[in-house]
Amino acid sequence: MNSHEYIQRVLASRNDLYAGFDKNFRFPQEAEGGCGVTGFCSSIPVRGKHIYQPSVQMHNRGNGKGGGIAAMGFIPETLGVGRDTLDNDYLIHIADLKGDGIAGLEEKFINPYLDVHYSENIPHMDDYRDIPELEVRPPDIYRYFVRVKPKVLSAFAVKKKLTHMADRDLEDECIYQNSVSINKTYYNPQGEMKAFVMSHGRDFFILKIVGYAERVVQYYKLENFKAHIWIAHQRYPTKGRVWHPGGAHPFIGLNEALVHNGDFANYYSVAEYLKQRNIFPLFHTDTEVSALLFDLYSRVYGYPLEYIIEALAPTIEMDFDSLPEEKQRIYQKIQETHIHASPDGPWFFIIARNDTRQRELQLLGITDTSMLRPQVFALQDGPVKIGLICSEKQAIDATLESLAEEDPRFGTVADVYWNARGGSHTDGGSFMFKLSGTVNADGQRELICADKFGKEISIPRHQEAYIPGRSYYVLDGGSTGSIDLGDTFRSGSAEGLFNLFTACLKDWHFPEVFEFLKEVKRQAEKSDAAFGLALEIFTMLIDRRYPTFDKKRRSLVQMYEYILNAMLLALPPISDRATQCRYRLIDFNSRMDIRAAGAGEEVLAVDASRFEPEGELSDSIILQSAYRLGWKRFIIFRCKGQRFYGCGFGPNTQGARMDIYGSSGDYIASGADGLEIYIHGNAQDQLGQIMKLGKLVIYGDVGQTFMYGAKGGDVYILGNAAGRPLVNAVGRPRVVINGTCLDYLAQSFMAGDPLNGGGFVVVNGLTIDHQGSVYPQATPYPGSNLYSLASGGAIYIRDPHHLLVEEQLNGGVFADLTEADWRLIEPYLQENEDLFNISIQKHLLTVDGRQKTYKEVYRKVTAHKLAALAKAAELDGLEEYE
Amino acid sequence: MYSSDKPFIPPQVRETPTRFRNAFGKYRVHRTDACNASGQCISACKLGVNKKAGSRVVSPNDYRCLGPECPMACFDTCPQKAIVIRKDPNFDTLGDYRWTPDLLLSTYYMAETGKIPDSGLEYRTGGTGGGFDKLRIVFPKTSKKIIPGEVDTSIRLNRLDDGRPEVEIPIPVYGGGMSFGSVSISAMLGRMRAAAAWGTFACTGEGGYPDEIKPYDDHVITQIATGLFGVREETIQRVRIVEFKYAQGAKPGLGGHLLGDKVTPAVARMREAVVGSSLFSPFPFHSVYSVEDHKKHIDWIKTTNRRALVSVKVSTPTDVDMVAVGSYYAGAHIVHLDGSYGGTGAAPDIAKKNIAMPIEYAVPIVHRFLVAEGIRDKVTLIASGGVRTPHDLIKIIALGADGVVTGTADMVAMECLRCHNCESGRGCARGIATTDTELVNLMEIEWAAQRIINLFTAWRTEIQRILAKMGLSSVRELVGRTEFLAHDDYQTAPLDADVE
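Protein sequences, first through last, are from chains A and B.
The opening position of the first sequence corresponds to residue 17 in this note's numbering, with each subsequent residue numbered one higher.
The opening position of the second sequence corresponds to residue 986 in this note's numbering, with each subsequent residue numbered one higher.
In isolation and in its complexed conformation, chain B is listed as follows (with noise of 0.2 angstroms):
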């Protein structure tokens, strides 16, 4: 647990490789027979591309390598011209505009080395032409000295001064709801650890408390959802926060739902239902149809755990500011903004992108209500939906958010693909989204955990350089200052060192 009096001391890095034969790259090294395994492409490439093998040379990691524009250029080097650099056919058929092929290849990279990639990779943004992806942050010109290392990039969870713990995580992220089911208990306990080691949450999504993640409790969020499956008193009050979702940004208005195929009987056994048969959870909470029910609902957790957070995650309809308000007066500690540009590929087409709002729409609107309504100091506001890169976060804090939730960029770092296949069958191809037992088999927990304690030590090391840039020393000045942001169609500075 964090706390400013013990200084917290982030994990360590470690390098954590692709766990398949074949990681993806953008550029393969091909040699011609001219090679005469002179060593010399070796000495070269500080990326540790090339490599020894025997009496030959070999590239096992040349998805690191930067390309034709490499300036360390072992191309050159090399005495026979040897060495062909060609770009990877996989590379184009990978992601989708939201998670560009750079933006995956870029995330692989941070969870792999807990770096931000120094060039080559678009890391920031990706290719939608539209929601992050249009914004830009804008550096304006600051005397203040900030040493990048020295931020503070911790926030507050608790904000109501009611007697309950002042609950602080080092970094403003935490893991969003992904349930024991829709994805293999391998994923849950790696990011469960990662959280844990980051001295942040994440949350166990809707499907039960495993027993495997108990040595996590302080760092659990345990929610409490629709179809309550899983949900009991005692899972309630393991933790520090309980979660309440009641709508989630990519399907609201359509409950949840784990395909039967799903449905093993490991997953049955956790939420004490049928095996094979699809389980729906509803999509309202059959007990709370107005905001006083709400509050009641709120009261009984509130009753069960005397110690717990409340956090209430809500999609983002047309009155999202109404509902954030409604949740304040309530009790709710936490409002969660879940906007539209996320879920995995259960969610169905027809929902994900057309029935809520963007979250960088829905998070200025209710910031700035929050603050007409004068109690904006009293909630923890966070945003989620499709922050993909410390940028999307930085970009969303900007506009009003205290932190963000992450749920996609978690599996990027496990290696997700987003191929969108995680409702079909029981086979997700990365082992992630999945419960067949063999699948699950290819990933290991260890593994899983580093490579999210990397991401978030990359992503960490980024917001520390924007906001050092910025003039801020602390992550927590930048609620709500937009003046840090500029739409592209608004403005027509090219990228550079003051826009990014």
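With the rest of the complex left out, here is chain A (with noise of 0.2 angstroms):
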């Protein structure tokens, strides 16, 4: 039997399913906005409260309307049943929205046609109202651990006319038409709504409330719960009131479960694609429709993964053409077949799935093409291996914290953290952990990741991670007296300090290393300027690339971090008006004692942690009042996403600088005008949106649409940018990105002739490896879209080899660089140089180990000059503003 047929065959079967549903009725579209998602998948089973602290982390994401959780890869034991079943029988959900029973339901749809091999009322707590915030009861659930009956399969196969299918794609399909049933029968948005199949897949659940997702957790006693692979999400439903959970994710099509931030422009197109396969949506959201979608190609189509993520989101544009022959073959098939089902808009999924025909476990983050909602991909490896997804690098942090503390194994900041170019021929838009079915000698299995086509990301092994000790958690006990810096610390620098350390690092092992720093800590204690410079030399080790041996970055950073926030917080409170010292602390307890700085008072210290991500009680409002009382000089640490920093200051803030460690949030340094903020990490989204004057600069990437509409500032990024920089940006901002970024860089710049006080975009288009050596990315810009539509400004590309094509620019052109136009860039390059070690003679001028001119090197590409448009502007005596 040719696919077709099968296809067909399959889905005739479910013609009748629908009998007596009014297959005409417009429902409408439930709408809600954007969400928060989160998702990550360990080697090892762990515990629920892990989804916990990342689901808190966004709540700013969801407003408690809707929540729910997902959870893959169990241990047989917790659940009650052995090995054996857990693999092979389904396990279904089935939510008593009433809180009545359903023995009616059990009497019609389960016990005549299904084997119950165990099945339980799962445990919840006692009474909902002792958890804040919850206001709706959630669903009980009935747990069923089953297989079809036989003779009831044999039975489906002649009557369906579906005896060519595999059985067990037969018993897939028999399992799946069954909760259909149930659902058009006991939630029927017409009529009464009494229960419906939360979940019905292999060794994975899926629960959710009316509320914030970590609720999930606390009321169904997730807590201590093991799974390898956990999926949260925080619903932002627009209608007020809700009654159940029906509308929330995840949302199932058979073994997999779907999470989704975004929102599609046209879910009647899918759902009409759909109700040609005779499909129907009963929950009226987008992401119902993206899981039906998802589980029709997969199992009904038998695609591939890849297939079923073209399908998802096309490849486009230059991407297609960069495509192997074979592939751009396939893929036009693919998009001719399924375009109008492609989910047109801003979209991200995350996606736990149990394929069940290659016994693989699996988490996966798609983005759509034009990457329009954020998300961050890490990995880590090391003992224990880790991959985790989410829309907010802190959801990331707070994971790993999260893990981190219960065991060592995990640390707290990952190998590696990257945005997936969405529809692009280099990544696909989407990246997958895929765990192994089998479990090895020490009770792991085995992690892989790899994006659409593949291409496996991966860690080198030679470096070790730390597992810390007890030691490690006992500061107090200081130095053991091995390594004493007292000499150096009175006649020393930073730099030299520095150095001492990176030479030592080869030899060292981390405990050594551990105790040099805690050295370092020791003698800060001793005078302000020892303080200073420890801060400084801390400082220099999170932000620089230097070789770090056989020993992980990560585990490095996770100790200097430590040791560093140690530090900080045994300033003096802000409080403490006697004690002499160039520092104050503040935190959240402490926020009303702000007040202006004493004399010799210079730097305040902001402690992060507890303050709220915005509003009146975040530290963005601290510290608009601490600049108004005369505070300068900042350091802010201990972050878990806190939004807005250097908002509010007002006009003409030269003069003031912040220093911002940990998973800082979105918007910081939006509306800067003089300040100087410098972000020692990755950086969120939306930054420096409108700046107009100052100085920012970041020792990592940075995330969507950053400096969108800026007039002006100073900008250094040592890694990436996401998507949309610069987008409508005018004036004279002057920005240098040392790697690249995903996509649409420039849009709509109209920074004036940057050789007249105008601004411009440096793009070296570099990265830096483990060992911290700085080398070319396979291309400076990858995407389609450059400078496009601009009128204004120029960008200046490192392109020695000439990869860059006209195709990708959209009406800007390369014009010559000219000697004005180094004298131009090279002092940005020089200051760049500075701040991150990346050297103008070594780096950027050396092509392939030739030191080449800057000619050779360096492309410009500017707006296409309309002769009209030039000789008026000569008419009108345009002189360019300063």
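One or more hints might be untrue.
Unchecked claim - Short derived list, chain B residues pointing at chain A, Cβ under 8 angstroms: (1) 1212; (2) 1216; (3) 1218; (4) 1257; (5) 1262; (6) 1265; (7) 1271; (8) 1275; (9) 1277; (10) 1285.
Note that these hints are calculated values from the structure, not bench results.
The beta-carbon is built from N, C-alpha and C at its ideal position, and this holds for glycine as well.
Got two chains here, each in a separate frame; can you build the complex from them with the hints?
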């Protein structure tokens, strides 16, 4: 039988499934906004409480009117079944919305057809009102481990004309259709809503409630329940009253749970496409249709994952042209067949999937082609391995911190963080973490991370992670005296100590590194000057990239941050007016004690950890007050996604400086007008919007829509920018990006004539490896849209091999790089060298080991000058503004 | 600033006639050679149409003439029967169905005199045969005696009770966004001054915050639109209301565009862009693709200016109720719905009237949805997009809005002709929608401000009259009271004292 006929038969078998269902009824799509999504996949099973913290971190991405989690890959005993049952039975969750039992449902749909091997009403807290913020009683969940009765199955095959199907596929379809029947009967949007099937796959389940996602963990007592994969979703339905969690995520296909952040413009088109294939949504959210699509492609069409992803997020523009011919042929067919169902608009999916055919558990993240939703991937390798996908980086860090607290084999910092480039030929806009079906000797599963094309993301295995022992947690013991930095501190510079440390790093083991750092801390306590020096050293250690030899950089960073935080937490509190010290510490509890700086007090350290990310209880508000009271220097540490640093300071803030450590949040430096902000690590989304003046330095990557509508500012980024940097920027922003960006750099750039006071962006297209070596990326700019529709400003891009082509420009032109251009950008590159150790001579102007001239290395992209306009400008005598 | 303990004193009306040599009127007064300058016509006409000029009698103010039906009938009084009254041939060439010649002239009249035209001109509705023009105000029998002058026309803009200032405006109107660049600095300043005089607000539009309007900071709404042109932290911090413009009812989904011709050096400097290059604002905010992004966006503004109210201006898609409720949950104080009738000549014709929902459809949907949600009293719902007259204002408030935003009406008060050539070259024939250095001089700021002040004086008088007749002592009592409205298709009562 050919596959076409196979597909037709399966779809035809669902024909009478919807008998009595008003197929032409157009249900209004339930409106909801974007949401917070998070998920992780670990080589060892971990407790549910670890999905709790990241969910809390994403509170402000939901509104408490829908939350859900999915867990996959269990320890059989914890569910009261054996390994065999867990692997082979379907685990069904039925939600009883009214709480008055589902005996009738069992009688009608479970007992006659299914062999139930184990069932229970799953435990939950006695009274939901004991949980704060929970206003609606979560449903009672009935759990069943079932197989379809053999006789029923064969009768099903004959009746539905599916005798051609393999047994297991047939059973999958039977379970699927049975669940549709249950839902149709008990969850009728036009009639009564009593119950529905929350999940029905193998080795995974879904739980959802009306409330924040972490309350699921609490209510159903999953804090200590272990699974390999967890995903969570905070929903933001815009409808006011919600009485049951039917619309909450995750949604199911069969063996997959899907959560979604975004919003389709073509819900009806997708729903129509599904309708033509005998699939009818019941819950009317775009997430549900996405899950149904996924199931259709994977189970009915039998597509491999790569093709499913292509059908959802098609490869377009230059990326399509860059694919191998054979792939182009296949992709074109996929697009022709499925483009009507390709979700249009901003979306990002996280999917937990039990690929029962391959015996593999998977966690996937897929972004839309235009990358309109934020997304961060991370991978940590070591004694245990974990992959994470989130809408915001701080949720990843919160997960790792939570895990590390319980099990030191996890570190608090991931080895790599990255974004996917939607619909691209490079990574396909999707990454997946795959867990082997079998468990190895030490109870772990093999975890592999790969992109859409199967290209593996791996971390060099020769570098070792540090597993903190007891000493790590006991800082008070101080140093053992094996290292004494007293003299060095008295006479030395930070640079000298940094060099000393990095030189020793080769031979030292982690305990010696730790010993050294503790000694730095001990010295720091002696005087303000020593503290300043120590701060400088730690900052250099965190910011810079250097060889770490056999040690993982992430483990070192974990140590630096750990000790740096301890050092800062020991500073005299703001309420202390007596102690002679340059520094004062303020935290959430002491925030009301904010006061003007006393004599000799210069630096305000803000422990961000317990502040709200936004609003009147956020630390950005405290910083504003402090600035008005005369403080000029700020250190903000232990950030957990707090937003708006440097916002609201007002005009002319030259002379103020902010240093930010930890997982900083969105919108930092938006509106900045003079001050300097240094972010010691990766930065998130929407930074530097409408920025006017000042300096922003990011020692890592930066997120979406960076410097949107900016008017100016000097900005240096060590790593990559995500999508849409400098859209609609005007005036004179001057930006150096040492990495590259996903796409749409400087769209509608209008920053005048750079040689005459206008703005520009330098893109170096470099990357740094695990030993701190700098080398060029495969292409300096992978996207299809560079400087689109721009009318001013310029891009200077390091492209010695001329990899960039006209097709990427959409309106810009390559122009000759003159000496004036080089004179303009050289000071910025010099500053870049000072900040990041990326040398003009050694790195930027050296190509394949050979020294080149700037003309051979850099290319300039500038606006297509319309002669008429140039003339008009001349006549009007436009003077450039400085 | 208006507050209830300090009674608001309305600004003074000052006669502000046309700034052009000949005003537009409905009629022209001609004299035959038989005229012997007896002067009888001068004393007959109380509108001052006729005047002595040396040894002759002329009619410099014949734009005020009420025509052949006039009871004062100078033409009958004339002993020589030398006066001939004819319709001004220009009259029928003016305006369009939406802004009929009658509406334009009556708005000119209100802007000149601060009074409602007493006869002759249809000042209440236009001629579209739909929308507001098909709605009638119905006055039920009421025993309540209310003195029009005592009717309260003020509305509250902050109902969130979130510790931010209570802001009240004495008239249920504020000025919509028109950017520097799309209109001249004089037009902008005129609107700002009028807003200040009336204790209300006017919006900058998306095009920067010229220094000239700084004195009116307390009455300026600064707009943050998708191009972020001219938006700086400083400008956000200056004002009491910040408006997010997501879309404009006249051209939703199209963003903004200022064509190259209008990007003069002054405009380019204000927006820090390139002279002569068209300026496009993208249709979405690149940083906002969902309601939680939207909340973050609002949080940002609230952090930057901790006393400002936030208004969210959206167009009227079919799910406008969801948009409104989402804005409320994201923390907006004002939800501003912009329907499809508005827009200057710069909005593409294909978009105008063809994309968004008419405002009189959208407002009741949103109003009822918010009532059902139990949050109606937390939201200030403002409507715009085709509110031309005080009657339109009454109708949209009865449909569920709290107040309105005007745009075109202000322009008409400044003698806009509705010629629809706002976007072409630099030349607005009336010197309003222009940045051309010479054309700008066609209009004095003082004059523009007074015209708008006068217009709203007339509006307020009319609103008070209508409300008093309805038996309402405050405009706030009218919100959502559709029983005061009838639709032409379903009511047959003739227009009279009970139905207008």
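Cross-check of the supplied hints:
no.: 1; hint: 1212; verdict: 5 angstroms, holds
no.: 2; hint: 1216; verdict: 5 angstroms, holds
no.: 3; hint: 1218; verdict: 3 angstroms, holds
no.: 4; hint: 1257; verdict: 4 angstroms, holds
no.: 5; hint: 1262; verdict: 4 angstroms, holds
no.: 6; hint: 1265; verdict: 6 angstroms, holds
no.: 7; hint: 1271; verdict: 5 angstroms, holds
no.: 8; hint: 1275; verdict: 3 angstroms, holds
no.: 9; hint: 1277; verdict: 5 angstroms, holds
no.: 10; hint: 1285; verdict: 5 angstroms, holds
No hint from the list above goes unmet by this structure.
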